[in-house]
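These protein sequence lines map, in sequence, to chains A and B. Mapping of the first sequence onto the working numbering: position 365 corresponds to residue 366, and the numbering continues sequentially without gaps. Mapping of the second sequence onto the working numbering: position 391 corresponds to residue 392, and the numbering continues sequentially without gaps.
What the hints contain is simulated information worked out from the structure, not anything from laboratory work. Each hint should be verified, as a subset may be incorrect.
Said to hold, decoys possible - Not close to chain A: a few residues of chain B, all C-beta gaps over 12 Å, as computed: (1) R21; (2) R51; (3) A136; (4) H160; (5) A188; (6) Q304; (7) E401; (8) Q409.
Stated by the list, open to error - Far from chain B, some chain A residues (derived; all Cβ distances over 12 Å): (9) T162; (10) G194; (11) Q245; (12) P282; (13) A300; (14) A326; (15) R347; (16) P349.
As the list claims (entries may be wrong) - Cβ-to-Cβ under 7 Å is the rule here; a few derived chain B residues that face chain A: (17) L56; (18) W60; (19) I65; (20) V103; (21) T131; (22) L331.
Here the structure is a predicted model, which means the values were calculated and not measured. Glycine residues also receive a C-beta, built at the ideal position from the N, C-alpha and C atoms.
2 protein chains.
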Amino acid sequence: MTPLPTAADVAALDAADPLRHFRERFTLPEGVIYLDGNSLGALPRQTPDRVAGVLHGEWGDGLIRSWNSAGWISAPQRVGAKIARLVGAAPHEVIVADSTSVNLHKLIVAALSAQRGRHVVLSEPGNFPTDLYMAETAIGSLGAGHRLALAPRDVLVAHITRDTALVMLTHVHYKTADMYDMAAITAAAHAQGALVLWDLSHSVGAVPLQLSACQADLAVGCGYKFLNGGPGAPAFLYVAARHQAALQSPLGGWMGHARPFEFVDGYEPAPGIARFLCGTPPILAVAALESGVDLHLEADMGQIAAKSRALATLFIELVEAHCHAYDVTLVGPPPGAPRGSHVSFRHPAGYAIMQALIDRGVIGDFRAPDIMRFGLTPLYLRFADVARAVEILADVLRTEAWRAPAYQVRRAVT
Amino acid sequence: MTPLPTAADVAALDAADPLRHFRERFTLPEGVIYLDGNSLGALPRQTPDRVAGVLHGEWGDGLIRSWNSAGWISAPQRVGAKIARLVGAAPHEVIVADSTSVNLHKLIVAALSAQRGRHVVLSEPGNFPTDLYMAETAIGSLGAGHRLALAPRDVLVAHITRDTALVMLTHVHYKTADMYDMAAITAAAHAQGALVLWDLSHSVGAVPLQLSACQADLAVGCGYKFLNGGPGAPAFLYVAARHQAALQSPLGGWMGHARPFEFVDGYEPAPGIARFLCGTPPILAVAALESGVDLHLEADMGQIAAKSRALATLFIELVEAHCHAYDVTLVGPPPGAPRGSHVSFRHPAGYAIMQALIDRGVIGDFRAPDIMRFGLTPLYLRFADVARAVEILADVLRTEAWRAPAYQVRRAVT
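Start from the sequences and build out the full structure, keeping to the hints where you can.
So this is what it looks like as structure tokens:
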């Protein structure tokens, strides 16, 4: 084992960090070490001005004219094309729309409809709940003999058969940060004639993605995590260009129509990715998302990925060194293995420990039943923050501060 | 015929208007008479501060904690309960979620599923396109023998049969402002065992609504028109309490789960209206909507409705007096008849005329093929604005200013 990093080592890591100047581009409260940017990304400093510009100049003064003059009508495509650069797709393969959940429904139903004669949507137990719920309720509403099958990831590929219509997986697991080999799973699915739908919510902006190079079919992703688009930011979806003409959204709203402003009674899907739009795009929210995406595009994705790995390695090494006596167990990949940009530890009192940490300014989150999850966001986190967070965690464990009754009461936190 | 109102009459109407002080609560650009608030409502002056508070205080400083501490997690219910007061429903019967289009899908599919053995969704030709598209594509994806039937409104009731699962209508027509008798249609549908889904997009905030008193089953509505929630604001949906347990959303996302933060694999719908939530609510957009709704709730709905009728009567009388020589034809209800809060006129060159009007600061909109539509928003429009708009319209017609080539080129305007 390599020697534990010293304070000087940590300071040297920060001094050498090519992304260190991005921290000042975010608003971060005093006295807080924010390790939950994988759940809700921090506020980019430029975002309030961007949103104020939309409010005053575009909405207030431009009014209805801004649909054209301010480019509102093409905002889903414009911001989608920017996100395409972060996921390794062509500009016309990504569009901003609705929520991740709603986009899952569109693509699940579209895929099942295109894959007639196949009955199974295959996923894994413990996938992010909304993915499983959307598949279950979509299939339930279709009532056409489809079913949702779940297979653990270590045997998942063996469960892909000629009856598999769609493999639906979250690329980086929301609890464990385990990361699938996108190219390998996609190839295995294609070998059986199945399509794959990737949920990139915990990947986009955190790990390198190459949808085109992986021959990916379909994907969805979240705007409010590593993209820093704001609470409940609009989501995006990706449909490979080769599939766009054959797939139809079950949510065929007017914004997905070939000629929305002719106001005809019959539905005709737009020729490209726009057919996956539905209602009127939420312009204020799209503006905040675009601001976050723009900031991301200023940074080098290779540097983000390298820093993410280095932050995770430091965090894991320090926790294992300072907290191993207190029943804390690493969940997910070991240091150095492929992973997403959060780190999770299991502890029977995980909920109470997390409350005690939050009270001390270290904000992570808790995922039932016993997982403490810490997001490591390379754009605004310092190595010193990670080292300090582990000191506080070790102190909470050593002093058993988490036993205070106030920390035992459950509250909902997304 | 009563004598035409004079300038003094118009000034007297404004002086006596009990809502006149609401105009200063909105940001309205200089030199503009805004007659498109039925498409995109104007910016309430209080909204930028509200949104800035969410950005800086709640998102920037509160970060993930604001889901609890700032009440984000209950925002859909809280704002829904406020909208309930505008539509005559109980607080727990309305929730803010997604777009009008997506909400239509939820309720169409839920109703079809609950009405097994019935096959028909009945609507009218020329209903707002997204309503028809959502019904058509929902039915297409279900593939269960359902069909969308369209019957003109004058014979619509005769087409409601024992095979009608759902009657889906827009309460106030988006082009003509024709208004259905909600109680009568609902009763006729119930007599055949059918449910009714009302689209209130052009009604809410403009005309009095009494969903409970009408025994209404289901409704959806738009946040960015008369509610002044901002471009693409979140929509709302209503499900009568008596139906909530029996109806299930086909978009069963995690926010509609009975226990979303237990992260279990299986879907179980929340007991009440929350089951119609899907993904994470868009907090910035909900905040702007709430601001618009709050402002509305300061006004008296009876006064809003009375002023709406008076504005429409004045507008129609003046256009008929000053423009009748120029091939302008009133569409929809005559003065004094029940109507929504916009007025439409047909003209073969309607598109070009509207462009000429917009260039002169009178902003209405055009609806294919030949309709000029003028929204009359009681909270921020003066009777003098209506009179001045008609003067400008008459001038554009008399001088044939609309024949300029620049006004002939079509652009998309929502």
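Structure-based check of each hint:
The Cβ of R21 (chain B) sits about 21 Å from the closest Cβ of chain A, beyond the 12 Å cut-off, so the non-interface label holds. Separation of R51 (chain B) from chain A is inadequate, the least Cβ-Cβ distance of about 10 Å not exceeding the 12 Å criterion. Here A136 (chain B) does not stay apart from chain A, with its beta-carbon only about 9 Å from theirs, under the 12 Å limit. Every CB of chain A is more than 12 Å from the CB of H160 (chain B) (nearest about 16 Å), matching its label as outside the interface.
Distance check for A188 (chain B) against chain A: the nearest CB is about 27 Å away, which clears 12 Å, and the non-interface claim stands. Taking the minimum C-beta to C-beta distance to chain A, about 24 Å, the non-interface status of Q304 (chain B) holds against the 12 Å cut. No beta-carbon of chain A comes within 12 Å of the beta-carbon of E401 (chain B); the shortest separation is about 24 Å. Residue-level check passed: Q409 (chain B) sits 16 Å from the nearest beta carbon of chain A, beyond 12 Å.
The beta carbon of T162 (chain A) is kept farther than 12 Å from every beta carbon of chain B, the shortest such distance being approximately 21 Å. Its beta-carbon lying about 21 Å from the closest one in chain B, G194 (chain A) satisfies the requirement of being farther than 12 Å from that chain. At roughly 16 Å, the least C-beta separation between Q245 (chain A) and chain B is larger than 12 Å, which holds for a residue marked as non-interface. Non-interface status of P282 (chain A) relative to chain B is broken: a Cβ of that chain comes within 12 Å, the nearest being about 5 Å off.
At roughly 20 Å from the closest C-beta of chain B, the C-beta of A300 (chain A) stays outside 12 Å, upholding its exclusion from the interface. Look at A326 (chain A): its CB is around 29 Å from the nearest CB on chain B, clear of 12 Å, so calling it non-interface holds up. Listed as outside the interface, R347 (chain A) is consistent with that label: its C-beta sits roughly 14 Å from the nearest C-beta of chain B, beyond the 12 Å cut-off. No Cβ of chain B approaches the Cβ of P349 (chain A) within 12 Å, the least distance being about 17 Å, so the stated non-interface status holds.
This hint holds: L56 (chain B) has a C-beta 5 Å from the nearest C-beta of chain A, less than the 7 Å allowed. Proximity of W60 (chain B) to chain A holds as hinted, the smallest CB-CB distance being about 5 Å (cut-off 7 Å). Interface restraint check for I65 (chain B): the shortest CB-CB distance to chain A comes to about 5 Å, inside 7 Å, so the restraint holds. Taken as an interface hint, V103 (chain B) checks out: its beta carbon lies about 6 Å from the nearest beta carbon of chain A, inside 7 Å.
Interface restraint check: T131 (chain B) against chain A, minimum CB-CB distance 4 Å, threshold 7 Å, status holds. Because the closest C-beta pair between L331 (chain B) and chain A is about 19 Å apart, greater than 7 Å, the hint is violated.
Of the numbered hints listed earlier, those contradicted by the structure are 2, 3, 12 and 22.
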